[in-house]
Amino acid sequence: MSAIIALCQKEWRISLDTPQGYVVSIAFLLASGFFFGSSLFLNGQADMRHWFAVLPLLYIFFIPAMSMRLLADELHDGTYELLATMPTRTIDIVLGKYVSLLGHITFLLALTWLYPLTLSLLGNLDMGIVFSSYLAAWLLAALFSAMCLYASSLTQHAMIAYIVGLILLLVIFLITQASPTLPIVLQDWIALLGPINHYQHMLRGVVSLADVMLFISLTVIFLSLTWFALERRRWR
Amino acid sequence: MIKAEHLTRLYGEQFAVNDLSFAVKRGEVMGLLGPNGAGKSTTMKMLTCFLPPSSGDARIDGLSLADAMKVRRLVGYLPEHAPSYHDLDVEAYLQFTGKVHGIPKATLHDKIREMASACGLEQVMFRRIEELSKGYRQRVGLAASMLHDPQCLILDEPTTGLDPNQIIEIRHLIRRLGEQKTVLLSSHILPEVEAVCDRMMIIDQGKLQALGTAQELAKQAQGGITVLASIKGDVAKVLTHLKAELSDVEVIQQKPQEAGLTTLEIYHPDPDCNLAEQLFLAVVAKEAVLLEMQREQTSLEDIFRQLTGGKA
Numbered sequence: 028m029s030a031i032i033a034l035c036q037k038e039w040r041i042s043l044d045t046p047q048g049y050v051v052s053i054a055f056l057l058a059s060g061f062f063f064g065s066s067l068f069l070n071g072q073a074d075m076r077h078w079f080a081v082l083p084l085l086y087i088f089f090i091p092a093m094s095m096r097l098l099a100d101e102l103h104d105g106t107y108e109l110l111a112t113m114p115t116r117t118i119d120i121v122l123g124k125y126v127s128l129l130g131h132i133t134f135l136l137a138l139t140w141l142y143p144l145t146l147s148l149l150g151n152l153d154m155g156i157v158f159s160s161y162l163a164a165w166l167l168a169a170l171f172s173a174m175c176l177y178a179s180s181l182t183q184h185a186m187i188a189y190i191v192g193l194i195l196l197l198v199i200f201l202i203t204q205a206s207p208t209l210p211i212v213l214q215d216w217i218a219l220l221g222p223i224n225h226y227q228h229m230l231r232g233v234v235s236l237a238d239v240m241l242f243i244s245l246t247v248i249f250l251s252l253t254w255f256a257l258e259r260r261r262w263r
Numbered sequence: 116m117i118k119a120e121h122l123t124r125l126y127g128e129q130f131a132v133n134d135l136s137f138a139v140k141r142g143e144v145m146g147l148l149g150p151n152g153a154g155k156s157t158t159m160k161m162l163t164c165f166l167p168p169s170s171g172d173a174r175i176d177g178l179s180l181a182d183a184m185k186v187r188r189l190v191g192y193l194p195e196h197a198p199s200y201h202d203l204d205v206e207a208y209l210q211f212t213g214k215v216h217g218i219p220k221a222t223l224h225d226k227i228r229e230m231a232s233a234c235g236l237e238q239v240m241f242r243r244i245e246e247l248s249k250g251y252r253q254r255v256g257l258a259a260s261m262l263h264d265p266q267c268l269i270l271d272e273p274t275t276g277l278d279p280n281q282i283i284e285i286r287h288l289i290r291r292l293g294e295q296k297t298v299l300l301s302s303h304i305l306p307e308v309e310a311v312c313d314r315m316m317i318i319d320q321g322k323l324q325a326l327g328t329a330q331e332l333a334k335q336a337q338g339g340i341t342v343l344a345s346i347k348g349d350v351a352k353v354l355t356h357l358k359a360e361l362s363d364v365e366v367i368q369q370k371p372q373e374a375g376l377t378t379l380e381i382y383h384p385d386p387d388c389n390l391a392e393q394l395f396l397a398v399v400a401k402e403a404v405l406l407e408m409q410r411e412q413t414s415l416e417d418i419f420r421q422l423t424g425g426k427a
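So the sequence lines, in the order shown, correspond to chains L and H. In my numbering, each residue's number is its place in the first sequence (first place is 1) plus 27. In my numbering, each residue's number is its place in the second sequence (first place is 1) plus 115.
Simulated from the structure, these hints should not be mistaken for lab results. Be careful, since some hints might not be right.
Chain H side only, calculated, beta carbon under 8 angstroms to chain L, not exhaustive [as the list claims (entries may be wrong)]:
1) Pro167
2) Arg188
3) Val215
Even for Gly, the Cβ is constructed at its ideal location relative to N, Cα and C.
Work out the full structure, taking the sequences as your base and the hints as a guide.
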């Protein structure tokens, strides 16, 4: 446990000490603000539906950028060897990195609470939907983080980790977009397992256990894959 | 303290370390020598529980490598090239290392101060590791590897890439540490191992070739004994007298110098035959004058080259 906390603190410290963390955070907030503002003034309605619909796209570009160096750089610089020879289990390393990444995204999502707060002053905002949508957004971020952390564990180069992460997330996103053109059998499977489908479901204000469990299980699967990718390096 | 038993590691079909057994006593500084690619780093990675051995095991203070978490607490490890987090400053890096090792907050600060002064880091505590010279980074790595006060230190080529002054500093540091801890260090720089280590072992192609003190290795590698001498007088007569006493004496070199002096290099295959003494007696018997005599030492370089097939 102390290893997970220490790793997490180290990642945050590096994010605060170096420009990378700020650059990604500021770019994310600018883009998110733009999408929030543009739709708000067009529609003139006090809801955040449009913003939540665009959010997965923002994730697709920003989460790989936040996660790319987490494991790839450690493998590249040889510091992974240091970590792995300290009293840490591989799972501690995975969880430490994951918690630091998810913490970063949670912080950014918390900052976007300015939008519903502003809206609730201006109009009659349905807070129930806002809460369930934020839960959905957070669960989706948790899943995407696990996927991008996995991408980072596959390579020693942060840039490749970014591209692999981007592709993984794009596939998840596009598969839902493209599903109407696919055979019926596949459509059913995508409706059942597609994270974006479940995300959209939750945006309607319905939180079902099935939605939550899908996100949690997929996240656990990708964290296990990350663990496996790191362990495999020791046995090659 | 460290006891390797038939350690073996395969990379695919290739043996990186092949049936390696050795023991390092408590408080000893052991050098691990070998040409590049001999399996030094792989051996160290196994001893620090980074790579699992393909077969065989090692015991560190009686604990098997399977007890990875306990072994890691006992061992301090400095990997090759002393990796560290370049974006952190020295203080933050040491704090991180301490926390991962679970050093309680109350003592962590004092521990960091203590290690910083032992490794001469006080001046650079708040500088980013990125900005430090190679020598300092190496010292940061050493400080981090000793922060949890390990019984046993494993250092992979701790002086590569340093300038001569830095090498001497790091050597002194290791020598000082060696008084309290068991140290295993690898190197392909022979004088360094000779200067720092109590005993050394030479490995090549994953196999142990020799183990012992520098003197023992010299004896093991060179079967006989070589004596160099300067003699004034009739050398031919001296040699005939000597050969009558010791039949197997070989003259390797005989060079007449000015003023009746001759330099002579002779060899005998048996190191315990008192070659020098016999030469002295022969010189006295033939009424010549012995001006200079020395036993030639087999240098570690020679041993190394012999055992690793001249690839060094």
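Item to complete: Quick one: which hint numbers does this structure break? Sort them smallest to largest.
Response: none
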